[in-house]
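Here are the chains, one letter per residue:
2 protein chains.
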Amino acid sequence: MAVGDVSMPQMHAVKGVKIGSAEAYVRYQNRRDLVVFEFAKGSNVAGVFTQNAFCAAPVHISKAHLKITNPRYLVINTGNANAGTGKTGMANAEATCAKLAELADVSASEVLPFSTGVIGEQLPIERLVNGLQPALESLNENAWLEAATGIMTTDTTPKGASEQFEIDGVRYTMTGISKGAGMIRPNMATMLSYVATDAPISRELVQQLLNETVNVSFNRITVDGDTSTNDSCIFVATGQAGGAEITSPEDVRYSKVLEVLTRVMKRLAQLIVRDGEGATKFITVAVEGGENTQECCDIAYSIAHSPLVKTAIFASDPNWGRILAAIGYAGVPNLDVEKIQVWLDDVQICKDGGAAEDYTEEAGARVMAQTEMTIRVDLGRGQAKDTVYTCDLSYDYVKINADYRS
Amino acid sequence: MAVGDVSMPQMHAVKGVKIGSAEAYVRYQNRRDLVVFEFAKGSNVAGVFTQNAFCAAPVHISKAHLKITNPRYLVINTGNANAGTGKTGMANAEATCAKLAELADVSASEVLPFSTGVIGEQLPIERLVNGLQPALESLNENAWLEAATGIMTTDTTPKGASEQFEIDGVRYTMTGISKGAGMIRPNMATMLSYVATDAPISRELVQQLLNETVNVSFNRITVDGDTSTNDSCIFVATGQAGGAEITSPEDVRYSKVLEVLTRVMKRLAQLIVRDGEGATKFITVAVEGGENTQECCDIAYSIAHSPLVKTAIFASDPNWGRILAAIGYAGVPNLDVEKIQVWLDDVQICKDGGAAEDYTEEAGARVMAQTEMTIRVDLGRGQAKDTVYTCDLSYDYVKINADYRS
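Chains as they are written, first to last, in the numbering used here: chain A, 24 to 429; chain B, 24 to 429.
No lab work stands behind these hints, which were simulated from the structure alone.
Everything numeric in this text was worked out from a predicted model, so none of it was measured.
It is possible that some hints are incorrect.
[What the hints assert, rightly or not] Estimated spans, in silico, between C-beta atoms of each pair: (1) B:Thr316 / A:Glu235: 36 to 44 Å; (2) A:Glu125 / B:Gly27: 51 to 59 Å; (3) A:Ala87 / B:Gly354: 42 to 50 Å; (4) A:Glu268 / B:Asn357: 49 to 57 Å; (5) A:Ala87 / B:Asp381: 26 to 34 Å; (6) B:Arg54 / A:Arg286: 50 to 58 Å; (7) B:Glu235 / A:Arg286: 49 to 57 Å.
[As the list claims (entries may be wrong)] Sample of chain B residues facing chain A (criterion: CB under 10 Å; computed from the structure): (8) Tyr48; (9) Ala106; (10) Val239; (11) Pro330; (12) Arg345; (13) Ala392; (14) Glu395; (15) Met396.
Idealized CB from N, CA, C, for every residue including glycine.
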């Protein structure tokens, strides 16, 4: 059960983006497990990918293709990650691109492949390529929900965000989807996420917008601290809604797009945490008063990764000593604990490094019992701040991951 | 239930070490929760302590006292960690030393205090100091088992190691105890461990021996990755069995002591993992072929901390892709995955970065079903190696930590 409101909004079509899907029986039966995106000619595409050294074959190929073209197609399969699969895995990912290119009459380098699922098994490549033609035949503008559903693995709910905004009298759309529930600690990207707008933006700025927003969204979430081999996030601007191309970050229109994209990306990232494997609570860890952003981020992740903090929150137990311990072992040099304040929502639990005098177990337990809460830490040594989103650690996390594959 | 053989050996008395205990009702009822060590005059004492910035009041004071004296007494309470307790916590730890010093007619700086248990609550100092006199009255040489039992918290079994060895016709003893089951990822020390020998060793070398052996024992284990606020490890050489003092690491007797101490420390450290909260499997992660020890250690810990690897092992599921992913996100620069080999005991699961051709699920499952196994990784880029010990992640880990304090 996902935490809080994870409902799909109205998924507005993005001019210049068509989506098709098919049942390819990669692993799952009776569901669309193959998704194809088609972008109108002239679209600008940017991507960020996992920094896991064991990155999957499709990640290698997507990165290489992005360097030499502005891709026209994405092809995504679920059920098999095509990671740890050696040369055969590379050949299979290349064969997928080649077949789709042939059917769609583009070059293979204009296709980006993506895979998610079990690591270390070879793709059933024949079944996969047989699904490409039916997927292409189903291409249409109003299939974002089908795409969000098609890319799910252990997710319990499809994940989407969609907004419309106006610049100079033109109405633009920003729509995106994401997937992921376990092996979630993105490093420069996430499990899988695709966001598109029909606003006109230069390719350089599409990448810049993606980098800026990934760093406050997908790069600030964790479920279990395990960075996936397949994390990929794609942002595309088709320009099909019209208007002059945005080519400078000084352009006021850039700020407007950045604002909308930040909101969409944060929502998509937080949806992954809300649907984290076994999650029963959604937790915001906000660290402020640091000398620099990195140390705020380190401490926030130290708290967000601590199995002891996460099990205490699962149990609604305000065992705040575990939060202090996690702050203390984050590895931040010269930390003066006597300057540290910690709050659970509005309840101060730690004042100047020790228990706050007016703190009561009842007040702490009241916040801990909520399904959403903020752990706020003030380091008292500077102006920097950072925020990380995570969930608790429950019996069901163990159950899901002890049972997966079986 | 602890994993494998965790039985207490015959705990040989160490000449010059006496141990007393008492029921002080710090938190637990009807058990000895206060332990006092007395060392003969002339003993040389060394210690290593947690690097957690939120280190406990007794850690602050033990470190300060060790700098100015060769301590004669240790006093240890369980049930309350006296961490995150501010100035009152410091005053309570100092009062404990002062009272014991008065009763034993030594200076307060010759007493080292230790606490373990819940973080963030004040010690019931009156009950604690009232237990000191009965503890002193019970001092005797044959109470190592009582001490090992007295310092337990969530441990399910007392932990001890004891050996006798001969140098130049003199028989010496090396005996030690440890405790800890959760919040285990020692950084320069462990939860609590006390090791003593009656061999004559200079103070400088006592510290050197401790540093050398901690780095292959307590600094190479993890249960949940949470570094405690109270980790402390003490090694004392009383010299009471006779012989000329060992004053140089070139002395052949130094090598003999190092060999015995390494074995004792590794056993005490591994006992903590075998009794890790919820543990059902004991796992050795051995990484070789690295450019340097640090990268071997980083990869070993990355595997040992991965909740996905740990839940797969709990389920006896040879889902080895999770091991590859953990190697890949360890942050080791320029890792060439095509040179990487991985084995589960004698079964090669990954060859040159992909699935080993003759690997079968049956072979992997056979090893995964064992209660003890070694995950061996060869990075194929150098001669360095390192080894880390850990356990699996089970329902009971969540249960224990969601229920603790309740």
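The hints, checked one at a time:
1. B:Thr316 / A:Glu235: 36 to 44 Å: holds (38 Å)
2. A:Glu125 / B:Gly27: 51 to 59 Å: For Gly27 of chain B against Glu125 of chain A, whose Cβ atoms are near 58 Å apart, the range 51 to 59 Å holds.
3. A:Ala87 / B:Gly354: 42 to 50 Å: violated (23 Å)
4. A:Glu268 / B:Asn357: 49 to 57 Å: This hint is violated: roughly 38 Å between Cβ atoms.
5. A:Ala87 / B:Asp381: 26 to 34 Å: holds (31 Å)
6. B:Arg54 / A:Arg286: 50 to 58 Å: Cβ of Arg54 of chain B to Cβ of Arg286 of chain A: about 56 Å, so the range 50 to 58 Å holds.
7. B:Glu235 / A:Arg286: 49 to 57 Å: Holds - the Cβ-Cβ distance for Glu235 of chain B and Arg286 of chain A, about 55 Å, lies within 49 to 57 Å.
8. Tyr48: violated (21 Å)
9. Ala106: Status holds, d = 7 Å.
10. Val239: Interface hint status for Val239 of chain B: violated (21 Å vs cutoff 10 Å).
11. Pro330: holds (4 Å)
12. Arg345: holds (7 Å)
13. Ala392: Hint violated; Ala392 of chain B Cβ to chain A Cβ min 13 Å, cut 10 Å.
14. Glu395: violated (19 Å)
15. Met396: violated (16 Å)
Hint compliance for this structure: hints 3, 4, 8, 10, 13, 14 and 15 are broken, all remaining hints hold.
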